[in-house]
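Undergrad: Protein chains in written order, with numbering that gives the first Met the number 0: chain U, 0 to 313; chain R, 0 to 313; chain A, 0 to 313.
Don't read these hints as lab results, they were simulated from the structure.
As the structure is a computational prediction, the values presented were derived from the model and not from experiment.
In this text, a Cβ means the ideal position worked out from N, Cα and C, and glycines have one as well.
Zero decoy hints are in this set.
In silico lysine-lysine, DSBU-like type, Cα no more than 30 Å apart, as pairs:
1. R:K77 - A:K276
2. R:K291 - U:K36
3. U:K34 - R:K34
4. U:K276 - A:K1
Computed far set for chain A versus chain R, every beta-carbon distance over 10 Å:
5. E3
6. D13
7. H110
8. D182
9. E205
10. E241
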Amino acid sequence: MKWELLTTSKLSVDEIHEILESATGFAIGETWQPKGKVFISNLFFEPSTRTKSSFEVAERKLGLEVIPFEMQTSSVLKGETLYDTVRTLEAIGTDAVVIRHSADNYFSELHKGISIPIINAGDGRGHHPTQSLLDLMTIHQEFSRFTGIKVAIIGDILHSRVARSNADALTRLGAKVIFSGPDSWINLPELPEGCEYMEVDDAVREADVVMLLRVQHERHDGKVLFEKEAYHQQFGLTAGREKLMKKDSIILHPAPVNRGVEIANELVECSRSRIFKQMENGVYIRMAVLKKALQNKNGGIEHVHANQKWQTAY
Amino acid sequence: MKWELLTTSKLSVDEIHEILESATGFAIGETWQPKGKVFISNLFFEPSTRTKSSFEVAERKLGLEVIPFEMQTSSVLKGETLYDTVRTLEAIGTDAVVIRHSADNYFSELHKGISIPIINAGDGRGHHPTQSLLDLMTIHQEFSRFTGIKVAIIGDILHSRVARSNADALTRLGAKVIFSGPDSWINLPELPEGCEYMEVDDAVREADVVMLLRVQHERHDGKVLFEKEAYHQQFGLTAGREKLMKKDSIILHPAPVNRGVEIANELVECSRSRIFKQMENGVYIRMAVLKKALQNKNGGIEHVHANQKWQTAY
Amino acid sequence: MKWELLTTSKLSVDEIHEILESATGFAIGETWQPKGKVFISNLFFEPSTRTKSSFEVAERKLGLEVIPFEMQTSSVLKGETLYDTVRTLEAIGTDAVVIRHSADNYFSELHKGISIPIINAGDGRGHHPTQSLLDLMTIHQEFSRFTGIKVAIIGDILHSRVARSNADALTRLGAKVIFSGPDSWINLPELPEGCEYMEVDDAVREADVVMLLRVQHERHDGKVLFEKEAYHQQFGLTAGREKLMKKDSIILHPAPVNRGVEIANELVECSRSRIFKQMENGVYIRMAVLKKALQNKNGGIEHVHANQKWQTAY
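Using the sequences and the hints given, assemble the complete structure.
TA: Right under this line is the structure:
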């Protein structure tokens, strides 16, 4: 039975805890490597620096052989379907594929005919489960729990891959979710159960975690809905608004950041910001997810650096 | 003396048998690795998923260091010649190059000034020797011989890199080749010796191997010669036509497949189809070819998994 | 304290000698490898074959893990700044970055906020320190000294990344620099101290090293300033002009070469030419630079092939 990761919502609470624990192990120096040569391919049909590089680093740390795939030189240009592309990679010996694609739920039919695990690295406006998991890891790292933690998700919720799946996972884990942002980007009548809407200032004041979403210019078909400065003043985390935050509250952002839009330039690396910590955690999360997907295949070798001793912190 | 692979027609029958035998060894688990770090580069000037990825997997399985080359960011954009590009790669320590290029016989002058072996991964409408070899391997795997085997090559023979070189190799190996397809895509007066023309239905009925060729829209300068459905009905392997095939006959296709054009969608993975088996075999063929090109360099280490014993099946 | 390489002019004479000596060690078979997995990324925002591939080979020879970065699929397309891109790579565990960028001095602010070393692989019309170093290595290889050596730098000096930094380094090392080429491409009033201008024929006659510069069509905004043949006759190294050279003088060119423009086609690989030797040396220089940048991190392992004994030649 293959294990793969398509959406956060299909992960049980137990699976989430298991992945976070495994990622925490990697964060403190644990290593794992599958037996023999294991091949993986990262199929990114949309631009990405951090997600793609993060998977690459995770894969190399696990000792995997990464088979490059470049959309611009692939047979996709000759009209090949995604199924045939993935089926081909499977035929030539790839053991798992990581896919980012602009189509929502690109995997809904795909994964049935493919016997190797698919790790979803983002589908259209749909899901981005490893991003959700790294957000969860960063929150847990800070507060050592989810129960009672208030997370304000602010911004372009309609177009965000992570807003809804994060809300879903967080509420299942016991946290409280607050949505905020422009009315036109929040579907108020269909607010998920357990979630609440607040004005931006109230959300920032209330939250333990201020999770800003990226204004995704590239998904608005070229329409400019807000001037940058206007958005920043109304809905962004300005220097002034940051002062409303509680003493130990932290800032998250999935990046890439539009500096001076979602967040003031000078706050990107301020002491509350966990933005670059999120990126670091992303590598550990992806290691944990890949390990879980690949370990059924042929076992693998658990390494612990000989000179290290620790209590699993999670 | 360097050994390289430019065209199938320059391979002797003995060399073909040697490569197929070596590939069969890799297929059943044999391994080989050159001594020390050996560098290779894949220069693909045309889109490709399977050939490029297949070479990549083969190279990693042999433990080679693959130096990435992306046409879009190369000095070819500054007008550098192919010779200077390859000569550069040689100067910096590359031990062999794999090249796909849109120019027929791009290698005719090139290979004289270059001292490292060139593996041709496709030149214009010319040759594609590793594809030919993997076709041969797949046929031999099925029938354990070539003598007397009837292979029908159906479709766009004029634009096909593999049709003519396959026909040449197959007849030299003792098989019988039947050409079929649209009149305008077969040069009847110049049919190679030992080859025969048949109507599609007769060819399908007669053949042990039905080898469909890809309709290469990208090589027809944008001219549409056939509507997809019309081509499918007249020359494609429809569900109906498949019923004309002999009990043990098999289907080959070099892929990427135009589903519903050369072959009915539901036949791509039917029990007669060896299309994905061909892809798998492609990795072993490329391992065998690379081994043959590199082994003169510095020896290499023959590994056999300790827990395996076999009679070389070939 | 991190060591990084941004410009040649910031290198002391001692550092230059140290790098050349280390590179010479690599040229004669010495090896070095950092402890554990070390990650590096090559960020090339401009086309390049040889510099990028040369870094790749150098990195693989040092056993580094190279995280691919393709501009065309990066978040730079979403408007991400260079700082955020590099900061991201740092966050996910990259230990050093190699950057080529079209902006002069792209690193002037960047390197302050980044704690990992940056190796400059070319900035706009500015610097290209590893190219300068490989030129120096090739000269020293030939003459075993710099003092008194006359180097004629001929061509497009205004747009050249290496002309000025080479002139600076060469004079500091004791060599004598002669500039030559079209008036409009040399800023005569601002000729660097210790440098001299000569007509092309005189420069060729006088020099121990004839260093031709590439006519960089791609940096002239599409303006054609010279017909190719006219440039070749007036300022290029023609077959006739080569006969003016002293018996043991050599030819350098940073490549890619415009054959028949800067240099006659038949001279590119003539016995005086060190053009492909320069490329080979580039790998050793980059190994030396990377070693110097990475060795502070975590030590590293000095290997010497057991079967080799040598006197360090430098």
